[in-house]
Structure formats: structure tokens, C-alpha cells
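Start from the sequences and build out the full structure, keeping to the hints where you can.
Chains as they are written, first to last, in full-length UniProt numbering: chain E, 1 to 383; chain V, 1 to 383; chain P, 1 to 383.
FYI, nobody ran anything at the bench for these hints, they're computed from the structure.
Please note that the accuracy of each hint is not assured.
Repeated chains share a single entry, so a pair holds when one copy, or any two copies, can fit it.
Below, in silico cross-link-like pairs of lysine to any residue (SDA-like), each with a Cα-Cα straight-line distance of 25 Å or less [to be verified]:
#1 Lys139 to Asp191
#2 Lys2 to Asp46
#3 Lys244 to Tyr170
#4 Lys139 to Pro9
#5 Lys139 to Ser199
#6 Lys148 to Asp187
#7 Lys244 to Thr259
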Amino acid sequence: MKDFVGALPLIDHHCHGVVARDLDRPGFEALMSEGHRPVPGCSQFDKPLGLALLRHCPPVLGLAPHAEPGDYLEIRRTLGFEEVSRRLIGANGVDTLLIDTGHRSDAIFDPARMTAISGVPSREVVRIEAVMEEVARRKPASGAELRKAFEERLAERSAGAVGLKSIVAYRTTFDIDQSEPAEAEVDAAGDLWLRQLDSGEARRLENAVLIRHGLYVGARLCRDRGFPMQLHVGFGDRDVMMPKCDPTVFLPFIEAMETMGVTITLLHCWPFLREAAWLAEVFSNVYVDTGVSQNFTGASAPRVVAEMMELAPFHKQVYSSDAFGLAELHYMGARLFRDALAEVLAGWIARGDLLPQRAEQIARAIAFGNACRIYGLPLPASA
Amino acid sequence: MKDFVGALPLIDHHCHGVVARDLDRPGFEALMSEGHRPVPGCSQFDKPLGLALLRHCPPVLGLAPHAEPGDYLEIRRTLGFEEVSRRLIGANGVDTLLIDTGHRSDAIFDPARMTAISGVPSREVVRIEAVMEEVARRKPASGAELRKAFEERLAERSAGAVGLKSIVAYRTTFDIDQSEPAEAEVDAAGDLWLRQLDSGEARRLENAVLIRHGLYVGARLCRDRGFPMQLHVGFGDRDVMMPKCDPTVFLPFIEAMETMGVTITLLHCWPFLREAAWLAEVFSNVYVDTGVSQNFTGASAPRVVAEMMELAPFHKQVYSSDAFGLAELHYMGARLFRDALAEVLAGWIARGDLLPQRAEQIARAIAFGNACRIYGLPLPASA
Amino acid sequence: MKDFVGALPLIDHHCHGVVARDLDRPGFEALMSEGHRPVPGCSQFDKPLGLALLRHCPPVLGLAPHAEPGDYLEIRRTLGFEEVSRRLIGANGVDTLLIDTGHRSDAIFDPARMTAISGVPSREVVRIEAVMEEVARRKPASGAELRKAFEERLAERSAGAVGLKSIVAYRTTFDIDQSEPAEAEVDAAGDLWLRQLDSGEARRLENAVLIRHGLYVGARLCRDRGFPMQLHVGFGDRDVMMPKCDPTVFLPFIEAMETMGVTITLLHCWPFLREAAWLAEVFSNVYVDTGVSQNFTGASAPRVVAEMMELAPFHKQVYSSDAFGLAELHYMGARLFRDALAEVLAGWIARGDLLPQRAEQIARAIAFGNACRIYGLPLPASA
Numbered sequence: 001m002k003d004f005v006g007a008l009p010l011i012d013h014h015c016h017g018v019v020a021r022d023l024d025r026p027g028f029e030a031l032m033s034e035g036h037r038p039v040p041g042c043s044q045f046d047k048p049l050g051l052a053l054l055r056h057c058p059p060v061l062g063l064a065p066h067a068e069p070g071d072y073l074e075i076r077r078t079l080g081f082e083e084v085s086r087r088l089i090g091a092n093g094v095d096t097l098l099i100d101t102g103h104r105s106d107a108i109f110d111p112a113r114m115t116a117i118s119g120v121p122s123r124e125v126v127r128i129e130a131v132m133e134e135v136a137r138r139k140p141a142s143g144a145e146l147r148k149a150f151e152e153r154l155a156e157r158s159a160g161a162v163g164l165k166s167i168v169a170y171r172t173t174f175d176i177d178q179s180e181p182a183e184a185e186v187d188a189a190g191d192l193w194l195r196q197l198d199s200g201e202a203r204r205l206e207n208a209v210l211i212r213h214g215l216y217v218g219a220r221l222c223r224d225r226g227f228p229m230q231l232h233v234g235f236g237d238r239d240v241m242m243p244k245c246d247p248t249v250f251l252p253f254i255e256a257m258e259t260m261g262v263t264i265t266l267l268h269c270w271p272f273l274r275e276a277a278w279l280a281e282v283f284s285n286v287y288v289d290t291g292v293s294q295n296f297t298g299a300s301a302p303r304v305v306a307e308m309m310e311l312a313p314f315h316k317q318v319y320s321s322d323a324f325g326l327a328e329l330h331y332m333g334a335r336l337f338r339d340a341l342a343e344v345l346a347g348w349i350a351r352g353d354l355l356p357q358r359a360e361q362i363a364r365a366i367a368f369g370n371a372c373r374i375y376g377l378p379l380p381a382s383a
Numbered sequence: 001m002k003d004f005v006g007a008l009p010l011i012d013h014h015c016h017g018v019v020a021r022d023l024d025r026p027g028f029e030a031l032m033s034e035g036h037r038p039v040p041g042c043s044q045f046d047k048p049l050g051l052a053l054l055r056h057c058p059p060v061l062g063l064a065p066h067a068e069p070g071d072y073l074e075i076r077r078t079l080g081f082e083e084v085s086r087r088l089i090g091a092n093g094v095d096t097l098l099i100d101t102g103h104r105s106d107a108i109f110d111p112a113r114m115t116a117i118s119g120v121p122s123r124e125v126v127r128i129e130a131v132m133e134e135v136a137r138r139k140p141a142s143g144a145e146l147r148k149a150f151e152e153r154l155a156e157r158s159a160g161a162v163g164l165k166s167i168v169a170y171r172t173t174f175d176i177d178q179s180e181p182a183e184a185e186v187d188a189a190g191d192l193w194l195r196q197l198d199s200g201e202a203r204r205l206e207n208a209v210l211i212r213h214g215l216y217v218g219a220r221l222c223r224d225r226g227f228p229m230q231l232h233v234g235f236g237d238r239d240v241m242m243p244k245c246d247p248t249v250f251l252p253f254i255e256a257m258e259t260m261g262v263t264i265t266l267l268h269c270w271p272f273l274r275e276a277a278w279l280a281e282v283f284s285n286v287y288v289d290t291g292v293s294q295n296f297t298g299a300s301a302p303r304v305v306a307e308m309m310e311l312a313p314f315h316k317q318v319y320s321s322d323a324f325g326l327a328e329l330h331y332m333g334a335r336l337f338r339d340a341l342a343e344v345l346a347g348w349i350a351r352g353d354l355l356p357q358r359a360e361q362i363a364r365a366i367a368f369g370n371a372c373r374i375y376g377l378p379l380p381a382s383a
Numbered sequence: 001m002k003d004f005v006g007a008l009p010l011i012d013h014h015c016h017g018v019v020a021r022d023l024d025r026p027g028f029e030a031l032m033s034e035g036h037r038p039v040p041g042c043s044q045f046d047k048p049l050g051l052a053l054l055r056h057c058p059p060v061l062g063l064a065p066h067a068e069p070g071d072y073l074e075i076r077r078t079l080g081f082e083e084v085s086r087r088l089i090g091a092n093g094v095d096t097l098l099i100d101t102g103h104r105s106d107a108i109f110d111p112a113r114m115t116a117i118s119g120v121p122s123r124e125v126v127r128i129e130a131v132m133e134e135v136a137r138r139k140p141a142s143g144a145e146l147r148k149a150f151e152e153r154l155a156e157r158s159a160g161a162v163g164l165k166s167i168v169a170y171r172t173t174f175d176i177d178q179s180e181p182a183e184a185e186v187d188a189a190g191d192l193w194l195r196q197l198d199s200g201e202a203r204r205l206e207n208a209v210l211i212r213h214g215l216y217v218g219a220r221l222c223r224d225r226g227f228p229m230q231l232h233v234g235f236g237d238r239d240v241m242m243p244k245c246d247p248t249v250f251l252p253f254i255e256a257m258e259t260m261g262v263t264i265t266l267l268h269c270w271p272f273l274r275e276a277a278w279l280a281e282v283f284s285n286v287y288v289d290t291g292v293s294q295n296f297t298g299a300s301a302p303r304v305v306a307e308m309m310e311l312a313p314f315h316k317q318v319y320s321s322d323a324f325g326l327a328e329l330h331y332m333g334a335r336l337f338r339d340a341l342a343e344v345l346a347g348w349i350a351r352g353d354l355l356p357q358r359a360e361q362i363a364r365a366i367a368f369g370n371a372c373r374i375y376g377l378p379l380p381a382s383a
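Now the structure itself:
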């Protein structure tokens, strides 16, 4: 099973670009974390993600597995980030990268450069909240103008995209009114936010009314374009109010999307794996991945994938790395996910719960088939 | 251990009747789900429950394991649902079925017919909310009349029963005032609900005051009759507001029941297995099962049972299938539970954590002993 | 790996004294539980903690593993609690006991007597809320006087301590305003509480304003002394309102402590293991243990430790037994933790995810190195 899954093409339906420069050790370690500040005398290599990185990546750069951090970073600098990116992203069997361009986009490669550097085709996923912030930076004269400009800009930005993404969980949590706000309410909220931006009281978009507006404008685009809306769930930066980022708290919105015919993909889901799997079971429009939790759990990734596989329908699971900044995270995501999926399926086969041929169908669906179906992508040539 | 547990009689302390007719494929698949609507091109067989069904059930109907869905459904139709029910329910070593008659009771077999078709003795568990709805359909003139008629009817319906069940988690969540409401409050709530039923504003019982009244009327019956009150927890239909169905949210009620001497059985518990196990540890009146999650997790059922076995006292665990509609769910529940329990115990024995003789005592307690004790049932003849 | 970890010295950074007398069976069983009242005909030995106790402890007292409870308790009485304590605490390789003296301190040994009886050095951890209650028992004339006396007394009590502990989770849950209250607010709350104590309306400290005051007074002491503040999390007595004891609910306080430079150790964490591990990943000041859940899960302790090891940085994990009352819980805690940690690491080694030498470094850090660093303790002589 390991060889079979290891050779499958993957659609990485949620990732980010890599940092477009060489990195020293502090710079590299900073990208190994979702918010952790350094502990004196301790290293980001001293955790599951660090172990997994040093196990899996050194061979790609010509070192033995379990290299020392210093040796690894030295050869990384010697090769240069472009060659490193080429090897770590281009050589892991990923067929297409669906890239979220809405986070620190000035610091990382955009889809075109990601493809240029890696040889892997890429498509864009547009982050709704980032577009509203982009529009606000142009200083519209009123909330009404902001609203119109946002609607136009989101449509425009989505023209070549394959999906939208919302980080409502970060900005307001899921514990909000989940209905569509009225236009007048949106305009008033826009007036307020623009004033707050002007005065420096507000920096980023955290106004629940505007975020809800963004979600529903985005939903209509998703419906019309026939592509999914991605929702960040759970694990992430330190500014997550975790108990209210349980995806079941967002059930009313998910149900509204089902009614509209909009596909929702729940990203990462850790630590709410079971809650997410249940939503995928009971709502026809919900898809799930284990995303960032593969890289952060490293050697324990099979536990995480096994927990998602407990209940989630096989035609509702997709793959993502959520790699950000480091090419290593692209490579590890694919490697850890393949190994974990193969281990779960092989275990079921060994116990008589699954025939090998059926296991292959399931693996193909999760590796690329489901993602191709919901994102409207062609099947990989190698599939 | 597998043979020993496989031969034990089971008390299925929470299940439902089967659908009293033959089923075409859409009808069959609809009963494989707790709310999922079809995804075009995808099948309910394409998930853990579907895999497990096709592994375990075909041999009972004369096919090889891992049959194709079409072949399985064809032989099912050829045999007819009565023969299928006889084989799948009568042949899985269940000693007694405790049947919840409060859900879609017009569409499924009642206890008498379940026994007739399967040869397995059955007893009734009465759903509190269904009785209040039944009484309301007779159009009492006032809330006060509703209250009195409900109290009488619940006592009457309970006469031959072995327990009561509440689905308060579905109707209001556990996040409610958990004290007993005053009579005047109940009567006013009844007046309101009856008016809402008349006008079509309300359909089912969702009034928290009336539900609380039902719980306390039920509690006194449970105390007087010396039988348990079952509480639905967690996983279920799509109308569950999951975070508020964590059973620890219902701690004040559970504590009130402990004071009254009423046994509570927490059903399913997934994804709140650990929370439920903790309640079973710290409250003398709390019992737990993994219920519906066995069938829905299929090949992963041992993970789920292992998680409950982490902490829950062995004399506080019971078995249920929560089978509804399909005879297959009765068969699979028993099979998956036996295999999972045997696997957990065998693992402990292999590591030296448990003696085989002690493992047998534990298995007997969980399979039937604890249920016989709390439901006042005779020990199975084969025990 | 098992032999290596088995021979490592441990710092038990959170435990309690043992009961200073011989125990009959009801007295012994009462200490095997965090709140469970007896179920007629059932025993506290009939659960995972009971199995583990009878597996691991009898050999220390000269019996074979898996002794009968009666035999075990008889030899325990024959040897006497002092000899039993000497054997079970002195012989498990624990280098230092960090003892919380704030719970039922009249019934159990204090640190000096724990050291005298076991030969194991011990240091004190002072429970903040217990100190405020101690001060209140001296009947200060006003809230302002209470406040001043508390600040003096906490500093005094901390003089020889290595850390402070708060049980805010038990008393108010984590779902409170987490800022520091103003002096006038504290004084008013103190006036109220003193009146309530006088009239008998209040017994223990449950006033959120006073508890918050205690936390911030304690925080400044921790900062100045350079030692940690321990926070009880999750599993415990029956008076925990579990969903609001999720440590991520306390994120604002944890972040305030990071800003102040105060180390936080999250105790037990079960069932919020993943949430706690995430906090250890994203906050530089957060450390975690699996504490009481090792003893209560017994044979399943490796599952629990494996779940914490999924994500938590290796330099952020520490060991505790949370033993209270019974010397057996000290012994089992150490034994179960060692076996679990060794099993997780050995599994990673076997799969190629970890080199043995690196595994040893990780084990040393978690067994004693991290605790020595944050509590300012010398490295064990045997390290």
C-alpha cells in the first residue's frame, strides 16, 4: 500500500508560497512555528515537526536522514532557496498546488513564481477577507462604496481562481450571527470600519457584519462559479479563540451553504477532527482535510489521519499541506500524508476490513479524485 | 479473547425497530446515514459504515465478504426483509433488545414484531418527548390539562417498559436551566405550545420548560420503578448543536439524578467519549456506551471502544447498537462491538496488564451483566 | 528504550502527600477516586486505575502481580503505612517531589514528613487560593486588610517554595474576565466575601475578583522569583464545569503571563490534551503534563501520553503523578509514565522516525531536564 499511495499524484488543495530568499537559522526556525516565540536554549527542531523535517528532507538535499540542524541549514544555503524549492516542491508527486494568496503575500512567492520555481502547475484560491482589506486600503469614501468596490474586486480576483477561502474563525470566531446582513447594516459597518482604519483604531478586518457580508458575496460567487469555499478551522496562529473555532459552531452557515449548493472545505480541523468528520457525514456539501496537523504532528500524523478516517466518508476527504514559507513543509506534508494514509489503509487490509483493490480506489479519491471533482480540475495525467 | 467475547450474550440496551418492507437502493442507502443527503456520483457505501456492512453482512445472507453493493441488495430482496431480519438480528447472539419506540414509530417494527421476526426477546424504552407529543396531538384544552394527561400517559406507557429515554440534547441542547420548573410555569408553557401547534408555528416539542418538566416527571418514574433514564449524547442527526451536547454541560441534572437515586445511561457519547467516561468515574449513577459510533466508524470501532475503556469503570459500561431501520445495523453493532472489546482486552493481556480470567469478568459485565443489573433483567440463560 | 527510561530520575513536579495512617478497604477505595461514590456491589478496583494498581504495586510489597484486592490490602496493613510509603515512594526513582500543600493538608503528610518517610527530597508548591482562605480564617477586619495580609502571607509562604499553583478552573472555571482587578474592586469583593464567610453563606473562595487578584499577586511573585505558576486543567473532582476548563479558554491570561515572563505549567490536561499541546506550541511560556490521567487510564496511559507527544514541543513537557493520599499513586504514576514514554519513543524509533540517541535526549528532557530548568532545581545526581 505504501508504494501505491507513494506513487499517486496529489492535489494540494490548500497551501501557500515559499519565502523568496535564503534563510539564516532564526529565520528558518521562525517559519517552523505558528506563533511560538523562542524559548532560550531551546530550538524549533526540538518538537515533532522538527524531527520529521530532519528525517524526511535531508535526503532530498543529499544528506542522510536525521541530519543535524546546522548541517541541514548549511547545505540548504549552499544549494540556494531556488534549487531547494525546486527539489522539495517539484519532486514530491504533487500534481497541482492550490495556493491561498491572502496571507503575507508580499513575503512569499505568488502562484506564477511557485510554478516557475517548482515546475508544478498552480491555481489561486482567493482569501475573502484579504480582498476586503485590499479594497479598504484604496480609501473608499463610504461604507456603501466599500461594499460595491469589494463585490467588484472579489469577482475580478476570482476570475482565474478555483476557490475562495475565509478566515472568519480567526477574525470573529465561528460564534457569530451567521445570516446575511442587510445592505444598510453592511454600509454602516463599513462607515465605522473605514473611520477606525483612518484613526488607527482598527488595522485588519474584524468587523463581524463586514465579514458576514464577505461570506455571502463569496458564497454567491462560489455557487455561480461552481467552486468551493474553504474555511480555516482550529489549529493555527496564537490569535485563535479555540473553543469557538469548533466547526460545529458554524453549522447554521454550513447549512445555508448546502441550501445554496456551495461546497465547503474545512481545513486542518485539528483538534476538532471528529466534529469535522461528523459534518462531512451529515452535510452533503462538507469536505475535510487534516492539513497543517500532518506537519505539526510529524511521526504521529498517522494517528491524526486515522482519526479523520474513523467516520468521514471517503468521497469527502481531500489532501492539503498548508505549507507556508518553507519548501520543506510542502515536501513533508505530501510525504507524511501519503505514509499516514497508506498505514491506515494497510491496517484495515491486514485485519480483513478492506480489499486491496478497494483501498486503491479510496486512496485515489482522497489523493486527487475528490479535489478534482469539487475544484473542477482535470484528472492528473499520471492518474 | 475474540472467541470468548464472540460467544457472550449481549443485552442491546438501546436500539430501534427495522423498517417493515423491502428496500430499493436509494431507500437502503438513506438508512445508512444520520442526515447526509446524496452527493451526485457518490454512495453511502463509500464510507466506513458502508465498508463494514459489506464486510460483515454478506456472509449471513450467503455471499462472500466484501460483496458489491448491487449483489448484496439483490440477494437481500430475493430473501425478503423478514428472512433477512431473522438472520441478521436473530443470529448475532443478542439476548434481549431494549427498543426505543419514540422515533418514526409508524415506519418501523414495534417490540412485539421485532421479537416475532427475530426470535429475540425485546422490552420497551419509552421516549419522554414522544409521549408529550402524543398527548398534545389529542388536543388538551389547556397547558394544565396537557401536564396532567402527560403525567398519566407517561406512567401508563412505562408500565411494561424497562426504562425511559430523553432526547433533550436534540431539542434544546444540554445548555438549559436544569432545575425542575414550577407547575404554573409548566402550565403557561403548555398553553403557549398548544397554541403554537394549533397555528402551525410549532411542530415538535422544543419548549425547554416542558422538556424539563418531562425530565423530572420521568425521573420520578425511574426512581419509583428502579430503572434508568437514557440520554442521547453527541453524534446523531444534523439538527444537533454539537458543542452544547457535551454531556458535561448536563452535570447539574446528572447530579440531581444522583441525589434522587436515578441511573443515567449516556448513549453514543461520540465525540465526547472522554467527557462521558469522566462522568461515569465521578458520578455513581452514570453509565456509558459507544452506541451508534461503532457502526459509523466500522473498521475503526476498536479505536472508539478503546477510548471509552481508557477511563470508564468496567461496571459502568454497557452495550448498544442504536440500530435503526436496517437489520444490518443490528448485526454489525454486535459484531463490531464484540471484536473491538475483544481487541482492547487482548491487547491488555498481551502487555501483561490484565489476566485472562479477569478479562472475562470484565467482558461479561459490559456485554450483559451491567445492563441486567440496572435494567432489572434476568441474566441471559446462556450466560 | 524501556530500560533506559526506566532508569532515568524523574522530577515529580506536581503531587500531594500521603495519608498519615493505615487504611481499611473503604478508606483505601475512597482514595482511588476523584469523586465517585460507591455503587453497591461494585468496587473501585473494577476500573483501569484499579487494574493498574493491582498489576504494579503488589510486587513492591512482596506479592505477585495481579493480586486480589483483599490480599493486597492485608499485606499493606501488615507492613504498615510507613513501610509501604517508604517502599512505594522511595523506590521508584523519583529524584524530587514538588508537593502541593493546599488540599486537605490536615489529612496528609507535609513535605518534610514525605521526605522523612520516603527518603526523597521534596519542595513545596503553594496553592494561591488556599493561602487566601488561610488569611480569611484569621478574620481580617476589611477587604483591604484581607488584601494586604494575603499579599504578605503569599510572599512569606513562597519564601521556600519552588512554584505557585492555582485552582481557578475549579473555583470559577476559566471563563472569567482575565485581567487584573483594580484595588478598590478587590477590597469591595473582600468585604463581601468576609461577610459571607461570617454569615455562613460562603465557605471557600469562589469570588472571581479575589481569585483574579490572587493570580496577579502570584504572577508577580513568580516573575520575581523566576518560578512557574501551575494551573489545574480538566479532569478532577466532580465540581469541575468541564467545558469551561478547557485551557484555551484561559488564553488571555496565558498571554498576559507570557508578556510578564511567567512560566505556566498546565496540569493533567485530560481531556484537553490537544488543546494544551497547542498552547505549548504557540506560547513560549506554556508547559504541559498528563498528570493524573496516567493513573486513571492505567493500561491506556500510553494512548494519553502519545496524544500529548503528537504536537507538544519536547522541551515543554514535564512529568507529574498528581498522587494524593495513597503511596501507590506515587509509584504507579512514575511507572506508568515511564512505560508510556518509552513505548511512544520506541515506536518512533522502530518506524525510523527517531534515532535512539535523540530519543534519549528527549526522554531526559521530559523526565527531569525541563522541570529542573523551569523550577530552578539542580540536575539529579544520577542524571
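Next on the checklist: If the cut is 25 Å between Cα atoms, do lysine 139 and proline 9 qualify within a copy, between copies, both or neither?
Outcome noted: neither (44 Å within a copy, 63 Å between copies)
Checklist entry - What label fits lysine 148 with aspartate 187 when the C-alpha limit is 25 Å: within, between, both, or neither? => result within (10 Å within a copy, 52 Å between copies)
Next on the checklist: Checking an output row: lysine 139 and aspartate 191, CA cutoff 25 Å. Within, between, both or neither?
Outcome noted: within (11 Å within a copy, 53 Å between copies)
Checklist entry - Is it within, between, both or neither when you check lysine 244 against tyrosine 170 at 25 Å Cα-Cα? => result both (10 Å within a copy, 20 Å between copies)
Next on the checklist: Within a copy, between copies, both or neither: which one fits lysine 2 and aspartate 46 at a CA-CA cutoff of 25 Å?
Outcome noted: Intra 28 Å, inter 21 Å, cutoff 25 Å: inter-copy only.
Item to check | Intra/inter-copy verdict for lysine 244 and threonine 259 if alpha-carbon distance must be at most 25 Å | outcome: both (24 Å within a copy, 24 Å between copies)
Checklist entry - For the identical chains here, do lysine 139 and serine 199 meet the 25 Å Cα criterion within one copy, between copies, both, or neither? => result Within one copy, since 13 Å is at most 25 Å while 51 Å is not.
The structure is inconsistent with hint 4 alone, although it conforms to all the rest.
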